[in-house]
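Colleague: One-letter residues, chain by chain:
Protein chains: 2
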Amino acid sequence: MRILLIGAGGVGDAVARIAARRSFFESLVVSDYDLARAERTVAAVRERHPDDERFRADRVDASSAEAVAEAVRRHGATHVLNAVDPRFVMPIFDGARQGGADYLDMAMSLSRPHPERPFTETGVKLGDEQLAQHDAYVAEGRLALVGIGVEPGLSDVFARYAVDHLFSHVTELGVRDGANLAVAGYDFAPGFSIWTTIEECLNPPVVYERDRGWYTLEPFSEPEVFDFPGGIGPVECVHVEHEEVLLMPRWLDADKVTFKYGLGNEFIEVLKALHKVGLDKTEPVSVKGVKVSPRDVVAACLPDPATLGDAMSGKTCAGLLVTGTGKDGQPRRVYLSHVVDNADSMRIDGAQCVVWQTALNPVVALELLASGVWKGTGVLGPEAFDAVPFLDLLASPDGYHSPWELNELEPEPSAP
Amino acid sequence: MRILLIGAGGVGDAVARIAARRSFFESLVVSDYDLARAERTVAAVRERHPDDERFRADRVDASSAEAVAEAVRRHGATHVLNAVDPRFVMPIFDGARQGGADYLDMAMSLSRPHPERPFTETGVKLGDEQLAQHDAYVAEGRLALVGIGVEPGLSDVFARYAVDHLFSHVTELGVRDGANLAVAGYDFAPGFSIWTTIEECLNPPVVYERDRGWYTLEPFSEPEVFDFPGGIGPVECVHVEHEEVLLMPRWLDADKVTFKYGLGNEFIEVLKALHKVGLDKTEPVSVKGVKVSPRDVVAACLPDPATLGDAMSGKTCAGLLVTGTGKDGQPRRVYLSHVVDNADSMRIDGAQCVVWQTALNPVVALELLASGVWKGTGVLGPEAFDAVPFLDLLASPDGYHSPWELNELEPEPSAP
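Taken in order, these protein sequences are the chains called A and B.
Start counting the first sequence at 1; every next residue gets the next number (UniProt numbering).
Start counting the second sequence at 1; every next residue gets the next number (UniProt numbering).
Chain A extracted, bound-state conformation:
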């Protein structure tokens, strides 16, 4: 396996650091629009693994499918891992195929709201542009494994595991994500790309119900407090547009699929304010003679999330709340989760926990693809593959040594 990693931001950098601990691939090219950033990542890997000759840096323009295809050919890449923000999904997706490589990403092609009824009906859905090419991929014998970060990604693996091994009937697959992170020296310092966070939080959130199909709500709808494990505790969660809601129902049987993000009230107020002022917009505005995208200015005002690891403390939790009927016919409710302490991810790979948790899963998936344990053709989500080998490799001390948990919760009281 020869990997072309595109993007050396927080997640891309962590991908390289994690992969360096494993032997399943021959080479990994770290590429970025900014070559210096790619070189910094390769230098960081070399510092920790001085004898590892598998890593090189290159410059790639992710906005051009031709440039991506050319980079695939230049490096003889067998797999492209997309680790840039979702604006660039389609050129990288198309470029990988043109160049002749399989493809993985952690966020899918962007949605566009319904032109008249944005808060009740879906328009173009997350991933629609990619999933439309499924048959062509099958015909070519090529694989695109889409949404294989932590969420989407590990959350989808959990869903497949719950459906296969824990439940006879699933009422709801509900992703619930929360954290108790603090960054010393900053009042406000998001741990993940603000560009992506704005995109997912301000788009109309999407919900799936078996009888209704996909539909949308107002942003920040239906707040609920979820009690996260690992000492994180209760966090206010709201509906957010996320890939899992689009992926899970395509392969798994469930009455309802939701995604709720534990943004916390402060972060919600900031996002609402940015939206009110129009600072979430991506179209450039003229400011005293220069043109800038307001959302890029927001990102420029905040610290780079990839640089916050040393100042950060606390834990982040990704997980799936599954409600339904157990294999024994009794009501069951479980929370499958993966909790990362920032102190651990910094110690193991020198990466902050939010980007590290995202980066871990595509590396696990690449290893399963390299060994042939996972195989498939088409445009597939993580729930299209057997969950058990993934969860085993993730947790095993000989694998990635990053345990996941199953918390048995009180079943919900029956509806009256």
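These are calculated hints, taken from the structure and not from any lab test.
Among the hints, erroneous ones may be present.
Each pair may be met inside one copy or between any two copies, as identical chains are not told apart.
Straight-line C-alpha distance at most 30 Å; calculated DSS-like pairs for lysine-lysine [as the list claims (entries may be wrong)]:
{"id": "1", "residue 1": "K327", "residue 2": "K375"}
{"id": "2", "residue 1": "K288", "residue 2": "K125"}
{"id": "3", "residue 1": "K327", "residue 2": "K125"}
{"id": "4", "residue 1": "K327", "residue 2": "K256"}
{"id": "5", "residue 1": "K125", "residue 2": "K256"}
{"id": "6", "residue 1": "K375", "residue 2": "K256"}
{"id": "7", "residue 1": "K375", "residue 2": "K125"}
{"id": "8", "residue 1": "K375", "residue 2": "K281"}
{"id": "9", "residue 1": "K281", "residue 2": "K125"}
{"id": "10", "residue 1": "K125", "residue 2": "K272"}
{"id": "11", "residue 1": "K291", "residue 2": "K281"}
{"id": "12", "residue 1": "K272", "residue 2": "K291"}
{"id": "13", "residue 1": "K272", "residue 2": "K256"}
{"id": "14", "residue 1": "K291", "residue 2": "K276"}
{"id": "15", "residue 1": "K276", "residue 2": "K288"}
{"id": "16", "residue 1": "K272", "residue 2": "K288"}
Note that this is a predicted model, so its numbers are computed, not measured.
Following the hints, complete the assembly by docking chain B onto the known chain A.
Modeller: The following block gives chain B in isolation, referenced to the frame of chain A:
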């Protein structure tokens, strides 16, 4: 009187429209960094007053005292009226004096927080740089009438009136400003310069007490709901840094002076969010190869307040809550106020009510200076002059026909 108006934004435009109804001056040059904007204002005046030959447009760089002095000499101006944002107070103030003209403004030189204790002690206060030149102005026989908009401005005139005619002892002079404006088609559209609003709302608010002098608080401190007249009703008000608190105690006897702004909870949340993200900053940040000031980007994302008049509805109220002992020795509490309905300011002068209400007062003051009813030398606030002729000219049908109100309120219960 030959007036050089600097700034053809919302307030400057309204100044020209209001002044065109009056005959006390020989000429008024509307100047701006952007000549087209100045020409637009002159054209708007000509449209309403086709025979009025007193208005001309010119280009002036308000950031250069030399350029301002040169414009004063070029036009033989006797008075400079500064109607640009407060970043440019000092070059215009200095340029007027160098050119040989008297000076008026509606906002004073900027403050700088105390370097160690910003939320308890003042650093450089609003207007300090201007007031430091008082003796030099007196020696030259020159006048700078500072803070003669609506707030500061009319609020200071109200304070002088209350001290002279309504109270024997003043416990508190408390400016209270609120509105019930809505702008059709916009979720969020501030009626006044967002640059200035951010500046005044995010700086540490200043309070004056007789025994303590000036001191500062945290932004948005001590929220209180004030019931505004004219159908506006209750609005949440918080402490804001404002010139009145610096001006009133220099000429008037009061135990305490405060300024509270009826921002409303939504606007407060937006300002807090902008501050958290760092979008209130004025120092340029690098955004994909270009440098921009984040606060300028915020302004560029919002509609130009001067253009909102047609879509705006509601009223704005500027006023002063005075607490103390009446001339009869009894506890007294009055609210002196000036309420403007946007429909009226649009009908009379084609200007939206917030900028119109600000612009009205320097024109009244210029007329009193032209007639010699007001005269003085030095750097003086509005409370240094007799309030009665100002309030009469403001309200009189032969004057500006814009009435003010005195509301007698229940005196506060005595302290236990």
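Colleague: Now tell me, hint by hint, if it's right for this structure.
Modeller: The hints, checked one at a time:
{"no.": "1", "hint": "K327 x K375", "verdict": "within (28 Å within a copy, 92 Å between copies)"}
{"no.": "2", "hint": "K288 x K125", "verdict": "between (37 Å within a copy, 29 Å between copies)"}
{"no.": "3", "hint": "K327 x K125", "verdict": "neither (33 Å within a copy, 72 Å between copies)"}
{"no.": "4", "hint": "K327 x K256", "verdict": "within (19 Å within a copy, 73 Å between copies)"}
{"no.": "5", "hint": "K125 x K256", "verdict": "within (17 Å within a copy, 59 Å between copies)"}
{"no.": "6", "hint": "K375 x K256", "verdict": "within (28 Å within a copy, 77 Å between copies)"}
{"no.": "7", "hint": "K375 x K125", "verdict": "within (26 Å within a copy, 70 Å between copies)"}
{"no.": "8", "hint": "K375 x K281", "verdict": "neither (40 Å within a copy, 52 Å between copies)"}
{"no.": "9", "hint": "K281 x K125", "verdict": "within (19 Å within a copy, 37 Å between copies)"}
{"no.": "10", "hint": "K125 x K272", "verdict": "within (22 Å within a copy, 33 Å between copies)"}
{"no.": "11", "hint": "K291 x K281", "verdict": "both (13 Å within a copy, 18 Å between copies)"}
{"no.": "12", "hint": "K272 x K291", "verdict": "both (24 Å within a copy, 26 Å between copies)"}
{"no.": "13", "hint": "K272 x K256", "verdict": "within (27 Å within a copy, 37 Å between copies)"}
{"no.": "14", "hint": "K291 x K276", "verdict": "both (20 Å within a copy, 24 Å between copies)"}
{"no.": "15", "hint": "K276 x K288", "verdict": "both (22 Å within a copy, 24 Å between copies)"}
{"no.": "16", "hint": "K272 x K288", "verdict": "both (26 Å within a copy, 25 Å between copies)"}
The structure fails to meet hints 3, 8 from the earlier list, while all remaining hints are met.
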